[in-house]
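*Asks:* For the protein sequence lines, the chains are Y and U, in the order given.
In terms of the numbering used here, the first sequence opens at residue 1 and continues consecutively.
In terms of the numbering used here, the second sequence opens at residue 1 and continues consecutively.
Hints may be right or wrong, so weigh each one.
Straight line, CA to CA, 30 angstroms or less: simulated BS3-like cross-link-like pairs of lysine-lysine [as the list claims (entries may be wrong)]:
{"no.": "1", "chain 1": "U", "residue 1": "K112", "chain 2": "U", "residue 2": "K174"}
{"no.": "2", "chain 1": "Y", "residue 1": "K324", "chain 2": "U", "residue 2": "K112"}
{"no.": "3", "chain 1": "U", "residue 1": "K365", "chain 2": "Y", "residue 2": "K411"}
{"no.": "4", "chain 1": "Y", "residue 1": "K411", "chain 2": "U", "residue 2": "K349"}
{"no.": "5", "chain 1": "U", "residue 1": "K30", "chain 2": "U", "residue 2": "K119"}
What follows is a set of in silico ranges between Cβ atoms, one per label pair, in the way DEER data are often shown [claimed, not checked]:
{"no.": "6", "chain 1": "Y", "residue 1": "R367", "chain 2": "U", "residue 2": "Q479", "range": "54 to 60 angstroms"}
{"no.": "7", "chain 1": "Y", "residue 1": "K630", "chain 2": "U", "residue 2": "S495", "range": "58 to 64 angstroms"}
{"no.": "8", "chain 1": "Y", "residue 1": "V434", "chain 2": "U", "residue 2": "L472", "range": "39 to 45 angstroms"}
FYI, nobody ran anything at the bench for these hints, they're computed from the structure.
What you are looking at is a predicted structure, and each value in this text was computed from that prediction instead of being measured.
Just so you know, even glycine gets a beta-carbon here, dropped at the ideal spot from N, CA and C.
So you can see what is in the structure, the chains are spelled out below.
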Amino acid sequence: MVEHGDIRVVHRGGSKINFREPVITNDSKFLLCASGECVKVFSTSTEECVHDLRGHTDLVTGVIIKPSNHLQAYSCSADGTVRLWDFTDGILIKTYVIGHPIYSIHASASHEGVVFVVTSMHADKRPDLLQLVAVHLPRSGDQMVEARELSAVLSDVSSNPLAIVFGRGGEYIASTKGLKLEVYLFRKQKAYSFFLKEDNKKGRRNTFTCVACHPKDDCIATGHEDGKIRLWRNFNQKKEYTYSTLHWHHSAVSSLCFTPEGTNLLSGGIESVLVQWRYNQEDQREFLPRLGAAITHITVSPDGSLFFTSHSDNKITIIQSCLKVSAAIQGLVKGESVTTDLMMDPRSKSLVLNGKPGHLQFYSLQRDKLLYNLDVVQQEYIHESGLQQFEVVKAAFDASGNWLATVEERKQKGAEVELNLKLWEFDEQTQSFVLNTTISAPHEAQITGMCFCHSTDNQTTMLVSTSKDGHFKAWQLDAQAHTEDERPSWSCDFVGAYHSLVPECCCFSADGSLLAVSFQEVVTVWSTASWELLTTLSQPPKAIRNLCFGRLSCSKYLLGTTGNNLLCCWNLLTCSLEWSTSMDVSLLLADPISENMAAFCRQAGSTDLFVFKPSEPRPLFSQKAVCPGKVTRAIFAPREEMLESCEESSQWLNRSQLYFLTQHMDLMTFTTKVEEDRLMASSKQLVIDDTVAMTPFYLLLGKHRQQDSGDAQSGISTERTPLPQGSVAIKELLQTPAHVLPSTSFLCSMFVQSLLISVTEPREENKATEEEMESEKEEEDSEEEMESGTTRPEQAPLGRHAAESAAPALTKAQVRELRRVKKLDRSWFAGLLDS
Amino acid sequence: MASFKPTKIQVYPKLGEKVTQDTLYWKNYKAPVQIKEFGAITNIDFSPVAPHNFAVTAFTRVHIYGPFSQEPVKTFTRFKDTAYSGRFRSDGQLLVAGCEDSVVRLFDVSGKVALRMFKGHTKAVHVTDFTSDGYQILTGSDDYTCRLWDIPNATELNTYQEHTDYIRCGVTSKLNRDLFITGSYDHTLKMFDARLDKSVMTMDHGHPVENLLLYPSEGLLVSAGGRYVKVWDLLKGGQPLVSMKNHHKTVTCLSLGSNGQRLLSASLDRHVKVYNTTNYKVVHNFDYAASILSLGLAPDDESIVVGMTNGILSVKHRKSPEESKETSGQQRRKPSYRVFVKGKNYVPKQDDYLVSKPVKQHLAKYDKQLKRFNVSKALDTALETWLRRRKPEITVAVIKELDRRGTLKNALAGRDEQSLFHLLNFLIGNLVDPRFAPVLVTTAEMILDIYRSVIGQSPVVDRQLLRLQDLLEREIDYQKDLLEVLGMLDTMFASSIPRKEVPCSGISRSNGLGQGEASTSRPQLQAT
């Protein structure tokens, strides 16, 4: 087998944004989140991701704003480096090599040139013995600097970044671990430790979980496992310390934060309620309940106007200080496991899987954004650990995307499984799914498989569900309605069983005339028209794991994988085994728009991928060791535009893309070289003014701005684009006395028109080109001058335009092409406004 | 911040008939007016002209009732014997009736004495009708003949002697003065043309024909006889179109309603059925106290008049629109209502800018308690007398929600004698209901666990517990019986399914099992 060099496995979207607490810039415009191996910069006003700061080679474990320069940020990573970024432009400025994996990073304004990192300094790298180390960052011009000046401040600290905090402008540092609170006073160079008694009655419930320091007062707030908050005072003496206790949370306090003025204390936990305690008047509390999922981190913007809570469902909520939710940044929700399969919504072409408890999430792969959550269970979620609640376990779409079937399940100890089968109809008006039918207890035991009939010519839609109670049921939409206001609903059409064996998988043939249901080691084939058992196929002695019909020219084949590492292919015309091969297939899936099939096989701890056609003996593509561990969820997603790859090995990726989830719930995909090149080219085109956050609407406007006035981009302190002052309409508007003006509604269309630039002016194009070329030169000069004022290294280019020039320069032809494309686009937009 | 999601109340499918537009329409009648006549009421005929009086033929009289009177406005008593088939002419001025004494009498509606007497039949005349021109009378008699009479000079025009048994029904065409159809106990329907001497069409109903009905278009003929109602296509030469068997005794009477959209049939089995005339499905059913002999429907379905064998005439009037609204609408408004609706019905004008106000979520009492995690109080509110009597599904839904939250035990514990009594009362009332059993069985187990230590301290609670035990024992016996029946049914199914050669054995068994299961454990559907 040949290794295919041009097809690579890459991470694709859906990364975690709630791993560490988000960091807010001083102007509250951007939000920095550690997200996998990069740092994401979000705009707080539009919730869009502005940059990815890429550079780390391992998990990023912490981000802080540089105290001495609020336009730069440090990030630390498990790869043993601390990196300094210019986050407004997304440029890596410096890399400090520490050499040991870093678990968190802290800094304060009073310690210039020093960052505090938590790392394990021991040679044997025992992860449980961590130290807080002060790192003196060397002032050197190189981009890659080794930081050797390390001095331990505290030993035996927690790896949780919430357990260490600077107090009162950096006068002291407080650290908690287990039952110990340790305070290190920098002025006295002395550390005090305070111990809590172990609560024997209910286990170790006194354990510290988080710590926060009052910004003005000598007060430390600590959160505990049992939901208590303790406020420590007088801790600069060993003996006379005091603490008071606040209790509202019923389980562990996961995060604490003081507002910048110190008037309020915010706390949150698994209850997903943000509690605001008035400082010194702790009986006055305010609550913001039902934030969706357990609160993991709380941060406050430096001006105190916005609170940010990150949640366990990969979400960051932006809350105004009056406790009103203003926005939410939602990433791909990854629970402990994907219980529903990965699915494609045929309408929105989004990836669908179970997300928040009781919800289905629709995730756009193209835009790497969560489109929406569909509330399936429609019940109040009780935020309490150890409570069995309804979970979405199965879901299926029909071919057109008109119907969605979901199964929710609640398994209680010692009680029967509660099951609900729900059928949702797509509502064109609201553009979302509306509940049509609820079938409570569709089966007597857990549902093992569910699929819709995918043939498009059938008028009636059919759903088949298989269950551990030994039956499979076919559900059909009742055509007739009894009264006008009653819409058609679903009902059971057929109940089938075979030798009281348990059905596992079910699959419809491409034309919907056959249904294959696997009963342990036997595959039964049924006619959907008459519900007759047509034939049985079997390959003893192990149970069937996967079942899949071929498509298009291979629709006569039925493929199945068995527990004893066999991949079998039956020919349905002869009802006999066509071929079988021995491999341990963990997942078999068919591409819905071609004959191709993908099989993920486990071999020696890693997974191999084979892509093949059932009719051909040789696989189209194979790759060894795609990822470590077992792959159980994957999906073929149809592409929006076809790739033209002529290489044989990558042709299977031309029309659809294969996404899969690894054991660690990372979403991966395969890309070809052609595709990567295209991506690179498109990223070059995206030139974004960073003073305005990037939104789709902005992209539209941004094009205009760049084009019609090249000089508008001069300087970093960009003012608004000069409006076409020369326009007659605007002159009229500004110079005529107000009392003689016609009504604004009359003027509005005129005004808007005057802002648009007429399309058919070929001469302007040339002029603009020249202007832009000139202005670009000027900009480079001016920025070079500004640069000298700062301490940045010369190599690091500064500013957006400089970065642009540093990036591979566009050729003249490309520039022209780009302009032509923009021109086209704009005319369309202008036409839209005119109409 | 998401809003609180209220407790989901399971909607259970309504058993029995579905509420359709037809049910609503045909239920919209007032309570019937019952009038006692002297004997069995054999015929009811509505006058074609307003105010649509109706003639009721019973025993030796023909009464004419006004649309709303309970007393007859007019009575014809000059019959020597039982009168039959009192019918109005199309102008509503004349009325004809047959008699057991074989004489046919013609009355002026305003007069008392018979205008004409037609003598010629030798036996009782059960059928009389005017032809469409109004100058001739059709009669059918037990002497197997039907005759045409001229009204002005009271002479017999023609005699048809084709039936071989009693003639008990007949209709004349409203569009053609020469056409009429008779039905007889010899199972046949015959269509006659007065211009010819013999029948032009014969149809075999298969049972003694009791009643006939022509559609207004006269393309279709409906006949009733035996348990069957049959529809014939006259334009295709009397081809049978539909045969309906919805009654379990002889169908005696037919009528058309809703401008020919609905067909009504009345039967000795005491039911009146309403059919849809497009698909001939039963859309509604009326029950009466006795066997029905005659049925009349006022134009526009204003009233349904039914005559029964025990001589009771039942008149149902349609509710006027105000009345029907009154019953469905709310009670009288209280003065404070005006405060609530103030400004609610204000319609914004064209230039108005509508400031949207957040809609306040209205929560039920138990939801308010659940929102605050007051579990015991939530259960208390759900166990209020009104709720637990009228809407046990709400109480059960709240118990289920508490169970889901893992706090049911807390909510059940710590109750005094009174509230425990109510709780057990509710359990006894609903425990064996298959809709609620899964939830309530766990609840009952929990209650027993919690209050095990105090059993025997309160006679009230002990009595309830004994009742509960008794109930459960009965239910277990009942389930055993059901399982036995199920087993018997299974063997019957297995023996009734023909064995066929299939490649694998046991398929017929599994198929039979599957179908049996499908009919018994049909999952509960719920309309949402």
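*Asks:* Going through the earlier hints one by one, which of them does the structure break, listed in rising order?
*Replies:* 2, 4, 5, 7
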